[in-house]
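Chemist: As you go down the protein sequences, you meet chains A and B in turn.
101 is the number that this note's numbering gives to position 101 of the first sequence; each next residue is one higher, with no gaps.
In short: position in the second sequence from 1, add 1000, done, that's this note's numbering.
Hints are computed from structural coordinates only; laboratory data are not their basis.
Please read all numbers here as calculations on a predicted model, not as lab measurements.
Here a beta-carbon is modelled for each residue, glycine too, at the ideal position from N, C-alpha and C.
Misleading hints may appear alongside valid ones.
Unchecked claim - Simulated DEER-style distance windows between Cβ atoms:
#, chain 1, residue 1, chain 2, residue 2, range
1, A, GLN72, B, THR1098, 20 to 30 Å
2, A, ALA83, B, ILE1063, 40 to 50 Å
3, B, SER1069, A, ASN12, 39 to 49 Å
4, A, GLN104, B, SER1059, 14 to 24 Å
5, B, GLY1052, A, GLN81, 44 to 54 Å
6, B, SER1069, A, LYS55, 41 to 51 Å
7, A, GLU60, B, THR1017, 39 to 49 Å
8, A, ASN12, B, SER1005, 27 to 37 Å
9, A, GLU9, B, LYS1007, 32 to 42 Å
10, B, SER1069, A, GLU52, 31 to 41 Å
11, A, TYR28, B, GLN1024, 27 to 37 Å
12, A, ASP39, B, GLN1024, 13 to 23 Å
13, B, PHE1061, A, SER29, 22 to 32 Å
14, A, LYS111, B, SER1069, 39 to 49 Å
Said to hold, decoys possible - Partner residues are not named here, just some residues of chain A that face chain B (Cβ under 10 Å, in silico):
#, residue
15, ILE4
16, ARG42
17, LEU49
18, THR87
19, LYS99
20, GLY103
Said to hold, decoys possible - A few chain A positions that, by computed beta-carbon distances, are all more than 10 Å from chain B:
#, residue
21, THR22
22, LYS63
23, HIS76
24, ALA83
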Amino acid sequence: SQKIEQNSEALNIQEGKTATLTCNYTNYSPAYLQWYRQDPGRGPVFLLLIRENEKEKRKERLKVTFDTTLKQSLFHITASQPADSATYLCALDLPPGGKLIFGQGTELSVKP
Amino acid sequence: SAVISQKPSRDICQRGTSLTIQCQVDSQVTMMFWYRQQPGQSLTLIATANQGSEATYESGFVIDKFPISRPNLTFSTLTVSNMSPEDSSIYLCSVANTGELFFGEGSRLTVL
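Excised from the complex, chain B in its bound form (with noise of 0.2 Å):
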């Protein structure tokens, strides 16, 4: 298993805004994902952290609106950039092993 720490747990931000939300794991891996939770919603996959490399975004999802940084094989970023109405929603860190998920406890922004 793996054990994830989110920060911030939870933001009020202004419109045209940008926040980091920062995911700390215990151990080394390999794959960490980024999700987003829109309210009533399920999860969407933003993107995927590579160390060493530019993330790998999903359809929908761009470098310019969600940057990532991914220094080393416990810790990833995630920037939410010029933020709108539109943008809030849980941002859910997680990362992979041996198939199954193993996520934060996320990140709720509240952009006004």
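Bound-form chain A, shown alone (with noise of 0.2 Å):
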């Protein structure tokens, strides 16, 4: 079956540096990639999608890259800032279509 997997860590990193975090998968090709944000006790909201014919793709501060032969996304916040604390969810799309499995999620803090 799929498997996503994200930094299992905790991600700690002072303002202003850039906060790169990881989604590996397996047995399975996905043909698009996305990033969501949650915050305790809300729901997740979408952030970024990238197709599998997409090396890279940014979005203001964010940056997200997607390697079908390592089967790897990075996901970049450049300038971070304490704001940017949160869990970031990873998510492939399953056929035939339109559902998403999402990986467990890596917590990211931004200390000032």
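Please assemble the complex out of the two chains, which come individually in their own frames, going by the hints.
Modeler: Put into structure tokens, the structure is as follows:
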């Protein structure tokens, strides 16, 4: 079955640094991969979607890469801020389409 | 985008009882999904709620335990039947739009 793994350890970084989160998957070739942010007590919020034929996508301070050979996505937050502290989830699409499976998430803490 | 309202936002339930969670969307959507997020865990897809037909359940989830209704394109319910403490979780409704998912705020159930 499909398996998704994210950094299991919480990530603690200093404000202003770049946070890099990893998402690895096995037994599957998704058409696209997505990243979500989840704050405590809230539902996940969509951040970025990257398709299998795209290597990189950017949105403001966010950058996502997608390496289908390595079966890995990297999620970067540049110039990080304390407000970026949250849990970040990666998700892959499941056929026949529309459904997503999620990784366990990585908790990011940005210290001032 | 889509705005999703879930009710109740939280509840405390007794073992053996059933609870129905409602999900209302502010626009007509084809695909609605129900996810579960157990404490400290990521999201697990329970089922796809299909308008006009029975829901499609993922492995490990059955209709008798989690009956779902989808009477129209803006509304769905999930019932958690014959609850046990293991059902204590956050239940999230989501809708798909061009690949990305929009989530409600979730319904946090505690079963005593």
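Chemist: Once the closest CB in chain B is found, is it more than 10 Å from LYS63 (chain A)?
Modeler: holds, 18 Å
Chemist: CB of PHE1061 (chain B) to CB of SER29 (chain A), is that within 22 to 32 Å?
Modeler: holds, 25 Å
Chemist: Measuring from beta carbon to beta carbon, are SER1069 (chain B) and GLU52 (chain A) in 31 to 41 Å?
Modeler: holds, 35 Å
Chemist: That 32 to 42 Å hint for GLU9 (chain A) and LYS1007 (chain B) (C-beta), does it hold up?
Modeler: Between GLU9 (chain A) and LYS1007 (chain B), where Cβ atoms are some 36 Å apart, the hint holds.
Chemist: Is 39 to 49 Å respected by the C-beta to C-beta distance linking SER1069 (chain B) and ASN12 (chain A)?
Modeler: This hint holds: roughly 44 Å between Cβ atoms.
Chemist: Take the shortest C-beta to C-beta distance between LEU49 (chain A) and chain B; is it under 10 Å?
Modeler: Holds, about 6 Å.
Chemist: So, LYS99 (chain A) near chain B? Judge it on the closest CB pair being under 10 Å.
Modeler: Holds, about 6 Å.
Chemist: Range first: 41 to 51 Å. Now tell me if the beta carbons of SER1069 (chain B) and LYS55 (chain A) are that far apart.
Modeler: holds, 43 Å
Chemist: In terms of Cβ atoms, is chain B entirely out of 10 Å range of THR22 (chain A)?
Modeler: holds, 15 Å
Chemist: If I claimed the Cβ atoms of ALA83 (chain A) and ILE1063 (chain B) lie 40 to 50 Å apart, would that claim hold in this structure?
Modeler: holds, 42 Å
Chemist: Hold the hint about ILE4 (chain A) up to the distance rule: shortest CB distance to chain B must be less than 10 Å.
Modeler: holds, 9 Å
Chemist: Quick check on GLY103 (chain A) please, does its C-beta sit within 10 Å of some C-beta on chain B?
Modeler: holds, 6 Å
Figure legend: structure checked against the earlier numbered hints; every hint is met.
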